[in-house]
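*Asks:* Spelled out from the first residue to the last, the chains are:
Number of protein chains: 6
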Amino acid sequence: MVDVVTLGETMLRLSPVSVSTLEEAQQLQVDVAGAESNVAAGLARMGLCAGWISKLVDNAVGRLIARRIGWHGVDISRIVWAERGRNGLYYLEPGVDPRSTKLIYDRAGSAFTTLRSDQLDWQYIRQAQLIHLSGITPALGKLSRDLTLQVIDEAKRSGILVSIDINYRNKLWSARRAKKILSPLAALADILICSIRDAATVFGMNSENPEKVAAEMQHTFGCPTVVITLGDGGALARSNGTVEYQGAYAADIVDRIGRGDCFSAGFLYGFLREDVPAALKYGNAMAALNQTTRGDFFWCDKQDVEALISGERSAVQR
Amino acid sequence: MVDVVTLGETMLRLSPVSVSTLEEAQQLQVDVAGAESNVAAGLARMGLCAGWISKLVDNAVGRLIARRIGWHGVDISRIVWAERGRNGLYYLEPGVDPRSTKLIYDRAGSAFTTLRSDQLDWQYIRQAQLIHLSGITPALGKLSRDLTLQVIDEAKRSGILVSIDINYRNKLWSARRAKKILSPLAALADILICSIRDAATVFGMNSENPEKVAAEMQHTFGCPTVVITLGDGGALARSNGTVEYQGAYAADIVDRIGRGDCFSAGFLYGFLREDVPAALKYGNAMAALNQTTRGDFFWCDKQDVEALISGERSAVQR
Amino acid sequence: MVDVVTLGETMLRLSPVSVSTLEEAQQLQVDVAGAESNVAAGLARMGLCAGWISKLVDNAVGRLIARRIGWHGVDISRIVWAERGRNGLYYLEPGVDPRSTKLIYDRAGSAFTTLRSDQLDWQYIRQAQLIHLSGITPALGKLSRDLTLQVIDEAKRSGILVSIDINYRNKLWSARRAKKILSPLAALADILICSIRDAATVFGMNSENPEKVAAEMQHTFGCPTVVITLGDGGALARSNGTVEYQGAYAADIVDRIGRGDCFSAGFLYGFLREDVPAALKYGNAMAALNQTTRGDFFWCDKQDVEALISGERSAVQR
Amino acid sequence: MVDVVTLGETMLRLSPVSVSTLEEAQQLQVDVAGAESNVAAGLARMGLCAGWISKLVDNAVGRLIARRIGWHGVDISRIVWAERGRNGLYYLEPGVDPRSTKLIYDRAGSAFTTLRSDQLDWQYIRQAQLIHLSGITPALGKLSRDLTLQVIDEAKRSGILVSIDINYRNKLWSARRAKKILSPLAALADILICSIRDAATVFGMNSENPEKVAAEMQHTFGCPTVVITLGDGGALARSNGTVEYQGAYAADIVDRIGRGDCFSAGFLYGFLREDVPAALKYGNAMAALNQTTRGDFFWCDKQDVEALISGERSAVQR
Amino acid sequence: MVDVVTLGETMLRLSPVSVSTLEEAQQLQVDVAGAESNVAAGLARMGLCAGWISKLVDNAVGRLIARRIGWHGVDISRIVWAERGRNGLYYLEPGVDPRSTKLIYDRAGSAFTTLRSDQLDWQYIRQAQLIHLSGITPALGKLSRDLTLQVIDEAKRSGILVSIDINYRNKLWSARRAKKILSPLAALADILICSIRDAATVFGMNSENPEKVAAEMQHTFGCPTVVITLGDGGALARSNGTVEYQGAYAADIVDRIGRGDCFSAGFLYGFLREDVPAALKYGNAMAALNQTTRGDFFWCDKQDVEALISGERSAVQR
Amino acid sequence: MVDVVTLGETMLRLSPVSVSTLEEAQQLQVDVAGAESNVAAGLARMGLCAGWISKLVDNAVGRLIARRIGWHGVDISRIVWAERGRNGLYYLEPGVDPRSTKLIYDRAGSAFTTLRSDQLDWQYIRQAQLIHLSGITPALGKLSRDLTLQVIDEAKRSGILVSIDINYRNKLWSARRAKKILSPLAALADILICSIRDAATVFGMNSENPEKVAAEMQHTFGCPTVVITLGDGGALARSNGTVEYQGAYAADIVDRIGRGDCFSAGFLYGFLREDVPAALKYGNAMAALNQTTRGDFFWCDKQDVEALISGERSAVQR
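Chains as they are written, first to last, in our numbering: chain A, 540 to 857; chain B, 540 to 857; chain C, 540 to 857; chain D, 540 to 857; chain E, 540 to 857; chain F, 540 to 857.
Okay, chain A solo, but in the shape it has when bound (with noise of 0.2 Å):
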């Protein structure tokens, strides 16, 4: 029996290590990116039980990846791995201002993008609380956009919560065809997640007033819980008609990637064990904690997010 299900692509992603630049890089830091097993990761650290479905190359570095991703507590026994085929990779340059952080993608034809219904355990889906994806899945290509309704479908037949970040790539598609792609999707979901420029950028929800732009969302889609999320302003979530509004904890940043992530993973922790107020504490508590340490993965436990929403924290733990 598992809390959460989610299904996305995980990718390596390649950093210089102790030098500034891509190509003066005479060795590459390993890490591994993904949104949905990020959220997943994110949810077995704070004691759910929390699996990722995906589809691999049964190589070394499809096990690297894989194993990774279980280090956090996720279980990994549904992963698809396929016999031949190429795991996605990205090698990421971080700036320092002015100089932009560079991401160089190199995952078309990935074997994520060969994954078909027909190779999931749909049982294990259907014993769930609670099923996440992302906007990125269904910008991979047919398979995978047919994919992700066919798992929203098969979720709202169980009576299963269906929970999507929107997460727009501008690398992968259109924000004109991400639109056409999501709004029926978001329509199915009863958490939607969407920061405030996804909001205006796909949407055209433009305003100064992330309040309206939560109710113009939920009006449109009609989702039973939308969640905007605004940087470093923190969240607000509109349910049932309330509305709820969680500042930012601030945070010195090591590495911002992977802060919605955690965000959502706390977001979601918070509301299927206490309720939507907890829930904005918990996400906002998990993207700062994410970002003073290195990598995607959320490296703190239940015990940090608990002592940062209770302003009990000290600064060193003797």
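Simulated from the structure, these hints should not be mistaken for laboratory data. It is possible that part of the hints are untrue.
It does not matter which identical chain is meant; a pair holds if it fits inside one copy or across any two.
Cut-off 30 Å, straight-line C-alpha distance, at most; resulting in silico cross-link-like pairs (DSS-like, lysine-lysine) [to be verified]:
(1) K841 <-> K681
(2) K641 <-> K681
(3) K641 <-> K841
(4) K841 <-> K710
(5) K710 <-> K641
(6) K695 <-> K719
Starting from the structure of chain A, add chains B, C, D, E and F where the hints point.
*Replies:* Structure of chains B, C, D, E and F alone, referenced to chain A:
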């Protein structure tokens, strides 16, 4: 003939290399850390003759600890070597706000806690000008408590100055017990160094006025010189009825740990070579410089200290 | 439903990074090492369902140990977590002939030595097919000795196979005492694994003829299957009156430590899935491959093992 | 005016830093590897003017590849830069006997496979003295196959020498198909380099007598000069009816990969500057020295090569 | 045909890896650093054809220096190679406020200081559009002083533009002597680049008004174009009676060293390709970007520079 | 009261970290290397009181050298500190057969070559039991030559034993000149240590019979004790008309450099504490163990040496 003798435990300090958390560490940076050996190292780098007395296991780990301290010029010839047992250690996971810095102590039952007074070279102690101790040693067990008292008694008998840094550690004992044990020792000190926070926690001397705390402490214990350290606020000394205050030097921070010990080293250097106002300047300058290097030790030299105090420092010394 | 359960202590193993001696080390490589968890990891990599039971302190060091073992697919859900205490460790300085390899143990008083039988999930143990133990655990103290006996008793009552690897450690106890404690345990084993050297040292079964040693051991303890390991000479099993011998596979050596555990894992895998002759092949193959990677763990997989046994291995797999 | 032009793909080569297996790698060593660029680099280090033609994506990874080759003095001004697409790569896990070395190729759809003949600077090619190609390029797809043929045709028309290294890769195509495609190309070569193993695998020229293989190859393809490489057994050349043999130089091995390319570079250097017997010596010497450094490239220089050939080498050059 | 030729010394730069001070360093990071080669590298990365003339010892250290410069696309074919002698070097210990950055020079008697005019390829120099020199070279000794003058004379005779960066180094000579030697050279420059600080220190042109300094410098030396750099304050150029000012671009700082050289490279690029106002923008943009990477070199490219100037830069380029 | 005083230069030794050649090195390993300081370090680790006299520049590099030597317990209080100048260094590129090990010396004009006799603490020298010198010092210049002679003269006058290791370096002087300078010094030695190769090269004593060489050397110079080292062949001593021979201990080799110095340390230890046969054993044992660690220094201890000599060494010390 040695200027200053210090006595206390020194541990291995293990912290992650180039990753954020202990859990994911594949390599640990090896440092050695002990309040009293750190004071001795700071004094030796300032040109004084300083010796450190302790007990270590005679294996590679013990030798590593001893030689790291000897590196700075400290006389390590009076270490007592145990044939068996263990050297204490602690794990350090440096935090980034709001992620706490975490210390995991693993020091129970170390060789130092078995150091008996009949193992010391009392002749060596008797020819020093000053002996420096901290409030950590009496917290380590009955043997260490008795040892502290015996050393102080012998010093008083031989006309040697006694300096004590309160250094309260709540992992080792309660504030109540610390007060009970440390009060009679403090009453024997010629120089008593205490942070404003420990003054409140241990001795209940709460006040927003450090001068008042210094006065109360001098009144309670009768020490000729009382130094109250104020963290980023500098330090204050009350000696012979006169109060001197010296603000801290601004510093970017690489590693905070060891700052208090370097203050003590600077203060003792100034006290023995010049006067109380100079002692505060040396203390604050060494504390500031110590924060700009990794590890507990003071890695700068007398020239750096004097340049900071004189204000003739240049950002780049070509 | 788990195929094999193992129970025992696992420690942190700290060894110099890129320098020859501990004394000069500025960085230590972090590995985890424990005979029984290593067997479980080897079995999991071969595709069996293996669980490891132990006790660790619930801090970053304990989690590091647990997750390194879980990495290989071992079920770590039955670890008992202690709120306080310490995790055992040892320092390893790899030698180069004629400089000895040196181990400095620092394991006294570890959390594992406080593991009591009422903390175990007996239900979990009862549903296994085989339980694997080693002669190290009863050497750790009375509590651990009693625990070992209780586990064996329960296994016998529930019809679970019991495998014991003698694994004599002279730092922990004398050969005489080991013989006294281990003999009654050995008499309860279904599979008894013992090196030719330990057979001589502990049980006084000196002989240049391994077959004779196996026979004597079977005669003494009455175990259905006795395995005598011969180091570079391979291994021999006496089972149901039949003796099987299998020579070792030649291997270049990167790190010898863990070889015995990997032999045990291979033997148990073959024993449970095929037969005794196959078991010896799997044991020898896993022992050989284990020596080609750093650390105690088995880092290869089933395909590597089968290729080595079948002789169809190619030097380069392009 | 360039002495030698080579043309072919070069990939990123990623291998674990300081650990044994890819699965556990946290850092990957970055090398670049391509047979033809490697030959060009070897020639440039010997003092010839060598240019390398290829196609790379114009991003940090492409620039890294180009500049690593340019480092050795190769003219990289004729690389064709693609605005989008991907650079090929492979993962390398070095083996230790009996653990196999494993290569995981991820080169499908690379920018090089889109290189068309109208993108080449034909003027540049025409002014060379010799053009060197390998049997890898025609295996990469129709475009690359056509390109190879066009380059050879143009060379023949312009009176430029053509050198081909068969270099059969079974991951890219079957031996049967390689024979069909490579035979007509081989027939156009002035210098044909082939390992004794590829002669058997691809062309079915099985023989324990390398001289016989060389004769058969010259008979079949009619090339003026045929070179058969024998791995640790040295190499043999049949040219103008004369057969020359030269044994290999003994070498300790750090990294075997790239040895064949360095042999080719040495052979071509000797062939262009001296004669066939000298060419074999240079080839064997560069092959031997190449094995003593990490990575595919030849990192020694002309002086090292000449010292090895002359036998006047000293173990330590103080 | 080369656009710009630069001439000057380049040294090895050795700084601690991952520790704070040189004293405790077990490993040193190897960089190469020289004002004039750095300008050539910056120009080459912007797409100009730039050559660097110097003298190095023909050993691995000399080759390391040359190839690090050639990496960026600089023509290194005119380096004069010495058979014996030494390459200059300096140690760098980066400071953290208030700990000073410390440089320990070890450059006396380097091969460069033995470079004579009859060793230069004058033909090569004569076909350039501009030659760039710095005030460091004439400080290195009589031979270098004479060489500088001969190069400038030849440039004037051949109608080549001369650019001089004053670059005063007080470790090499006194301000008084620098003024005496540099003044007649400055009078021959077409472009004279000088920091506001050097204008005061060397030429006694003290003023809080940079415009006034530029005017005075133009009046004194009669150079067509005078550039006054103001550190974080940007730069100002006086050319043909017109004064242009351009503020600095804000930048987070990773490594300050090399900023001035990158300004010069940017200024010369803009001057040769566009006009003086553009030149200031390019100079400031390259100076800002240079500070965001480790080492002296400019590691960004033309696209980064143009994005910064145009204001269309995004923090993350996905 | 010091047992042995040594005098000589010590340099920084810079070698590539984890790559094969200097040319591609991005990081250099920092060691310190000097024959005489190495002998002192070996003696100190054996428990003798050893002091090292030299001259270093008073900067971070000089301090690094001094403290690395002091680490081993050598008395470094008599180093003469120069205010300016340079510390010598050399680059080391370790070879792999048939690639030569290459050393690039950069030691000319070092602070040590300016050491004058009036800067020495003669009192300190006079109270030693033995003074050890090498044939390198007189090769460094007239000042160093005179110094060597003065030290020997003073030793003879004060009844101190003089030990000289010939240590011929062909980069510093010709064999002919070495013979001329070293012969009168050798004639003053109580203990003369010379390799069989140097005996031939410098003194023309060619022979396949080491015993004969020893006899000839004793006859020529009249030294009471002559030691001829034979590399892997062990060593032979002729003392008081008696000849003793001791074979080398087999050793796997990590780093050969420093072996001769460790032999000398071992020989002197045995000579001073026991007798000539023991001295040869200690010399060979320390030479063997030294080869198993990286760097010049002896990193083992007395216990390792004694275990090797007694034959009671175990491969693993658990």
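*Asks:* Hints first: check each against the structure and report whether it holds.
*Replies:* Outcome of the hint check:
For the identical chains of this complex, K841 and K681 are neighbours neither inside a copy (38 Å) nor across copies (36 Å), given an alpha-carbon limit of 30 Å. With identical chains, the CA atoms of K641 and K681 are at most 30 Å apart within one copy only, with a shortest distance of 28 Å there and 34 Å across copies. When the C-alpha separation of K641 and K841 is checked against a cutoff of 30 Å, the pair qualifies only between copies, where the shortest distance is 15 Å, while the shortest distance within a copy is 32 Å. Within a single copy, K841 and K710 get their C-alpha atoms only as close as 35 Å, which misses the 30 Å cut-off; across copies the closest is 22 Å, which meets it.
With identical chains, the CA atoms of K710 and K641 are at most 30 Å apart within one copy only, with a shortest distance of 13 Å there and 33 Å across copies. In this assembly of identical chains, K695 and K719 lie within 30 Å of each other by CA distance solely inside one copy; the values are 21 Å within and 56 Å between copies.
The structure fails to meet hint 1 from the earlier list, while all remaining hints are met.
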